[in-house]
Structures are given as C-alpha cells and as structure tokens.
Amino acid sequence: MFAGLRQSISDWIFRATAPEVPPVTLVQRRIFILPTRQGYTFGFTTLVLLIASINYALSLGFVLTFTLMSMAGVAMLHTWRNLAHLKLRPGRCDPVFAGQTAHFGVNVETPAQTRFSVAVRRTDEQPVYADVSVAETASIALPVVAAKRGVMRCGRLEIFTRYPIGLFHAWSYVDFDLRVVVYPRPDPSAGMPPAHSRSLTEEGIPVPGDEEFHMLRPYRPGDAPKLIAWKALAREQELLTKEFSAMASSELWIDWEEARALDVEARLSMLCHWVMVADRFGQSYGLRLPGLAIAPSRGDAHRTRCLEALALFNGGRP
Amino acid sequence: MRSVALSPHLDVRNVMWLLAAMVFVVAPHLLRMPYWVSIFFLAIVAWRAWIAWAAIHFPGRLVTAALTIAAAIATYFEYRRIVGREAGVTLLVAMAALKLLEMKTQREVVLSIYLGFFLVLTNFLFSQTIPLGIYMLACVWIFVGTMVGFNRVGSSPTLTQRLRPAGALLVQALPLMVAFFILFPRASGPLWALPTDSRSGATGLSDSMKPGSISNLIKSDAIAFRVQFEGDRPQYSSLYWRGPVLADFDGAAWKVAEDQNVPWGDAYARREKPVTYTVTLEPHFKRWLFALDVPAKSQIPRGATLRPDLQLMTSADIRERRRYETTSFLDYRYGETLSERGRRAALQFDENRNPRTVALGRQWRREAADEAQVLQKAFTYFNREFTYTLEPPLLDPRNPYDAFLFETKQGFCEHYAGSFALAMRAAGIPARVVTGYQGGEVNQINNELVVRQADAHAWVEIWLRDRGWLRVDPTAAVSPLRVEGGVNAALGPIGMLPSLIAADPMGLLANMRDAWRAMNSQWDAWVVGYSIDRQRQFFAQLGFPDVDWRTLGFWLMAATILVGSAVSVGLLVRDRPRRDEPSLAAWNRFCAKLAAAGLARAAHEGPLDYLRRVEAAQPSWAPQVSDITSRYVRARYGEGATREELRELARRVRDFRAA
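These protein sequences, in sequence, are chains A and B.
FYI, in our numbering the residues of the first sequence are 1 to 318.
FYI, in our numbering the residues of the second sequence are 1001 to 1659.
Possibly wrong hints are sitting among the right ones.
Covered stretches of chain A, as calculated for chain B (at least 3 residues, CB under 8 Å) [said to hold, decoys possible]: (1) 68-76; (2) 109-120; (3) 265-272.
These aren't lab readings, by the way, just hints derived from the structure by calculation.
No residue lacks a Cβ here, since even glycine has one placed at the ideal position from N, Cα and C.
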C-alpha cells in the first residue's frame, strides 16, 4: 500500500506523463537536484572542521572550512549545469532474438560545452555513462537482456549526473516510449524445414537465389546492400539490385501446423529457426500462422516481416 | 563516442592521485614527527600503490588490525599518551595510511579524501604561515582534482581535465569564502577545554631553562600576549617582560626555586616612571602572568599574587585568553636587604660541573678590587668573541656552559644568561636567571604592542650591596641589537642570509626581506589573528561599533544570498544556449503543433518532405501548412526575410490550429 502511495507521490512530483515527443530539451523545471550520500558526508565533514576551527581558534581552519562549504555550493551549480539544456532524442532500438541483449538507444546533444559523465539508466538498473561533446551526438545504448518474445518497452528513463565532485545528484526523467521487438529464440534442434512442405515446381527453371548472376532489376527497399549494383550506380544509372539464380526445386511454406511442439513458444522458436535457415539459403519462403499468411518472397525486408509476425503472434486471437 | 556501462570503480590513476595528495598533505607532519612515523606512512602508501598498480590482493583484516594496534602502541610509547596534539596527529596520520590500505570502494575513497581535508586542518595546529597556507591550498586543489577524477566515470581524465574543473570550483568558491571569513561570528574562547599538551613544545616559557630551550621557542611566531599602553609607549630597550625567575641550578638547567618561601628581598627603595597598560595574554597553560620590570604592588591583577622574586602568579593555569591591567615602574631599586637564606640560595652551584666556568668566575674575583670590576671583566669577556645565533652547536650535556664558553662560543640568550649567572655565583655575587620576553612589535594600525614567542628572552639579575637586585643582560653585550631592535634585527645580518645580504649593495634583498616581514605581519594581524576582538575592530573601523553575533549572523545570511546569487548568475547565464534564429524558432513551434496532432517531423525530414507528408495525411490543412513552410524555407534557406516577414511568419504559426 505504502509502495503504491510512494509511487503515486513520486509520479506527481516528477511529473510522470505520457510518452514525450522528441526532441526533449532538459529545461530548468525538468531538472531535480539533491545531495548524494557523499554530499551529506561532506556536509558533516565541514561541520567537524568548523567546530575544530572554532575550538582551536584556527583562522586558516576557518579559511579551509569556508572554502569547502562554498565549493559545495558552487559544485551544486556545476552539477545542475552539466545536465541543463541537453537535448535528448530516441536512438536505435534494434530487434533481437529472445535471450540476446537488446539496446535501448538515446541520443544526447549539448548546445554548448562538453558535458562529462552524463548517465542514463532505467529504473533500478545499471547506468551507462557518456561524455557529450558539442561536435558529436552521444549515442547511449542501455543494454537489457530480452527474456521474452514480444515487444519490450523501455519505460521511463532517468538521465543524471554527479559531475564534477559527486556531492550532488542532478536528474531528469524522460519517456520516449522506446520499444524493442524481441523475436522468438530460434530453436536449432528444429533442423531443416520439413520437406513435404515443398510444392514441386518444374525442374531446371531458375528461381531467385544467390548462386549465379541472373539479371539486374530495380532496387526494392529491404534488398541487402551487398546485392546493390554499385558499379551501375556509379555510371549514374538508377539504383539496381543484382539478382542471382539458384537451381531450386521448390517453393517453401513455413507452416505453423508443421511445427510440432508442446506449446506456442516452442512452436514459434521452431518457425523462427526455419525462417532463418531459409533466409540463409536464399530460399523463397512464405509463412503461415493461424489467421495470418505471408506470401513467399525473400530478402531482408521479407525476413524482418516474418520475424516480426512471429514476435507479435498472439495465438491467432485478434 | 564512448559509452561504458560501469559502476564507479577504482581506476589505478585515480588511486595514484589520491595517494599523491595524501603524501603531500602529510609531508609537513612527517618532518616534525619521529622518523618511524614517516617510514610507517610511506611504506603503507607504497604498498597501497603497488596493490593498485599490480592489481594484487589487499591485506587481510588481521594484518590491518595488527598494524593498527602496532601504530597505537608505538604512538603511546613515543608520547606516553594517545591524545593531545602531537600524539593525536601522529595517530591520525597512521590511521589515514591504514584507511588507504582498506580502500576498495568508491565510498571508502570519499572517506579518505575527507580525512585528507581533516589532515589539512591538523597542519594548521602547528603553523599558519603564508607558505604553509599556499601549500595547503595546493593540497586541497589536488584533493578536489582527485574527486573530479573519481567522478569521471568510464573515462580517464587528463591532468588538465582534473585540475581545471577543480581550480574553477575553488576560484568560484572564493567570494563566498571571504564573506564567511569576515562575517562568521568568532567565539571568545574554546568550546571545551583543550588537552593539556595541545600547545606543548612549540609555545610558551617553561619553569626550567637549559641551553636550547628558548631558541626552539623563538622559531615560533605565535603571539604570547598583546599590550595596549595608556599614554606613551616606553623605550624599546626597557621592555623587559618579567616571567619565571629561575634560581635553582643543577649544572645544566636553571629551574624555578623549589622553595617558594625564600625571602629574596622585595622591598622597593625607589619607584619612578610608572606606566599603566593592559595585557591580553594568550593561554599558555602555566600559572604566570607577564608584567614589565617591576610591577607595582598596589596594582596586582585580580586573582594574582606577586611573589618575593617579583613573579606574578595566578592560582590556576591560564587556559583561555586573559586580559589584565597593571602598572609597572621602569625606574626602580629594590631588594637592598637580602636575607642570609636568600643569599645562600643565590650563590648555590655544583662545584663538580662546568669547572672551567667556575674557575673563570673565581679568577675574576681574585683579580678584581670590587664587584663593579668583576662585572666589568665579565662584560668585556662576553663582548669579545661570541656569536649570537639561533642554531648553536650541540653542547656536552654534563658541562654545557664550559663547552659554550670555551669551545663553541656560539649561542643564544639562554647560553649567555646561564653561563653569566653561573660565573657570577662563582665570583661570589648572588645571581639568578629571569626568563620572559623582551621587546615586541608595534602594530602600526592600532598602536598595539604584539609580543610573540619569538621575543622570548632570558637575562640575569645580580645582587649588589647598597644597590639591591640589578638587571644585567649579557645578550646585550654580545648583540645590542637584540635588545634595541628585537630578534630579527639581531639575527638579520648574521643569522639569516649572511653572504647574500653582505653582497647586496643596493639593499634590494634587505628591502625584499622587509616587505616580506611587513606582509607577514599583516597576515598575522588580519588573517591568522582575526579573532573576536579583531572582528569588532574591523567593523568599528567600517563605522559599525559594537557588532554582536546576531548582527553578524544577519549580515552573513544577506551576504550568502547576495554573493551566492551573483556567482550563480555569473555561472548559469553565461552558458544559456543562444536563442534560435527567429524563423527557426517559429518553425520549431509549428512542428511542435503538428507533432501534438500526431504528425511529428522525423529528424531526417526536410521541410519540403515534411510538407508533402502532412499534406497527404491532412489535406484540409494543406493551404496553411504550405504557406508557413514556404515562408520558412524562403526566410531560412532563400533570400532571407525582413523583420515584418518574420513577424508575419510567427503570427501565422501562432494562428495555426492543427485540428
């Protein structure tokens, strides 16, 4: 009960709001600052120094004490300033397979002055530190192990700093609603896609693959960069993709019904493995799930489409 | 671009910085401590450095516990206690070293750094001179630089990247520090009683004197007491501040007479030239007060008594600053009737020690017709071939005065006074040693006479028939300047920079030395000596007499707010980002409105691409969006825009409703 109350108070104080529209600039009212534990210890130290200076009537002791006290005040400004006016944008959040480490990306820019040791972290996780210089955008990637298939949300991020001397913790919250698509974990024990799923085609007709050069065709988004005809591009022709032919005898359907396993996740793992295998062999393949069918094709865009379908599969329910 | 996922860790270079800072801050202590402390401290620092460098294991808990106990025991055997200034600081230094040996986490690093700040303070217990102040400032700088290093997580800062932010912090802290220093109300005394030896060794006369005891004292520039005269200040050469009178002699040390009731003869036969003054005495943890020769018996300060040897004593140790007013007679004659008991006490000495000095005294007696001639011979003798120096050679502990008079011939006031008094006793003239202070330094600002430990002095009183007790100062025979102009005047040409000053025809070095001394006295008066009195005086000079701590507290708050906001403004306004160029600002507002309606501009999207997308998504907005976009593109990328056009753009953005 108290935890809930605390959370709602903290949400109210720190203005937990809906996901924000980038870029977010850390303006004055967004930045909070409090002493760290080190800061409190420092305060206690200066108090002891002050008492000793009074007691022993040490003028230079007073000088020392007051220097440290004022320095703490100045350090507060420096810490605050180290965060102020930073501009944040969402960064790369590439999809991963379950069990791999996903990265939530945040890009940080500074309008002036290099900022040292700016850290970003998710609630209760290890922070990632970066220096932000005027010349280049700092890309901070927060590593998170993707345990489960599906969409992993980053949640609210804390951006903070304790630079220069660690007496104060200045922080701000930002929520870009970053997400990473987590594909099912491929199951290598699934082996090759089942043979009887192949429908026979006429032997000897070239089908797209990657063994022998066949023809140039217009570029389609998703074509692998290594297949782009750079020489043709250099001759100021349009963007073309080289197509290779393979002697293939079948068109492959990767089918939910073929994956015989105990539960949904295990089945998806098998399907995922088959998609990867088919993609690796340059095979043209389609994907059939309950309530969804993706027509046979190939290439990176197609593979991504299939993997996303597997990642977001909800058992055929709408 | 570097991004490291690391918690704060102990970087080798950071650890080395901290170790260096520790060595720097402890170095002045090591110079004045027993040598085993230096060995202990440096060995442990080296060990810790090796641990960091070679990434080897830390010692086990048993080892550090054993070292801790060993350090405490060694400290106890060195000082016979573990509290008090010397012992306490020794223990603190040892413990700081051991703390380094246990330092494994960021938290312990922080504690070590704070301990370092405390060690800076302990240095001020021993000295508060300008050079030490500067040195300690450098140490604080390094410590803050170390803090900066430990807070640069994931990257190893360069020397500049450590010292520059640290320097900036210290420089920006300066205004507030000065305000606090001036305004913070000073206490009138310590908050609790200090350990009894907190001033041992360095300051204050003691109840015995042997060769070397005063010349140690003389190196301290701590203030002994300050004097405000009513009316004119007496001549410098008559400023003999009488302290402990030493009549017992064991062959090496002169001591305060064990028998306090010896009738020395203290009746005044003549009392002329009275002078009244107020003394502000610093605590010296002994019972005597100081007064000029000779104190008036009618004006004894409250709580004090005047003993038969004209020594002013209080009933308890002086543990806090004390002010008293008293009167003295500069032209006097006293003690013409010396009792037989007093006479015997003033002639006593050990025949077996210092035989050559004793023989010399007896020889003078034989050759002289009367006591005046004995004195004459003695002065001639001391005038001839002795050198006044603060660094006399070591003397044979059994016959120190023989060694001094016949071998080394270099000494300080206690050498002269001690050997002179012994020779007088051998010659049959009753004599005793008087210690105290001679002279002082006039503060030109408030006309106050400041007497420092450096003015400590020893002289001799002899008793002559029909004349009573008579002050003779054998040091004056050797170095008249000592009595005319103070220790520095006496030492200046001989003791300090002999060859350089001699080869300085323009007087440049002498001028520099004078300037340095003037600076030091200002420093002592206004920084080191900035006490409650000085604070009152300072504000009185500004036209605020009688400020109390409430007023000061109020001003302090006001100053904190004022200076604090000035520094904040200076710091924060300077780096506020420049305002966007007006057309860009208007465009950003426009994009924000569209974004709120769900059509955020992608980072890579140019204005025209964006326009196309918005038009496709919301055809009804097309005219307005197209108008604004083209105005913006013209203003920013085209021929530019007049002030009116910019205003028009801003107005249209304002009026645009994404609904």
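We went through each hint and held it up to the structure:
no. : hint    : in the structure
1   : 68-76   : holds (count 7)
2   : 109-120 : holds (count 6)
3   : 265-272 : violated (count 0)
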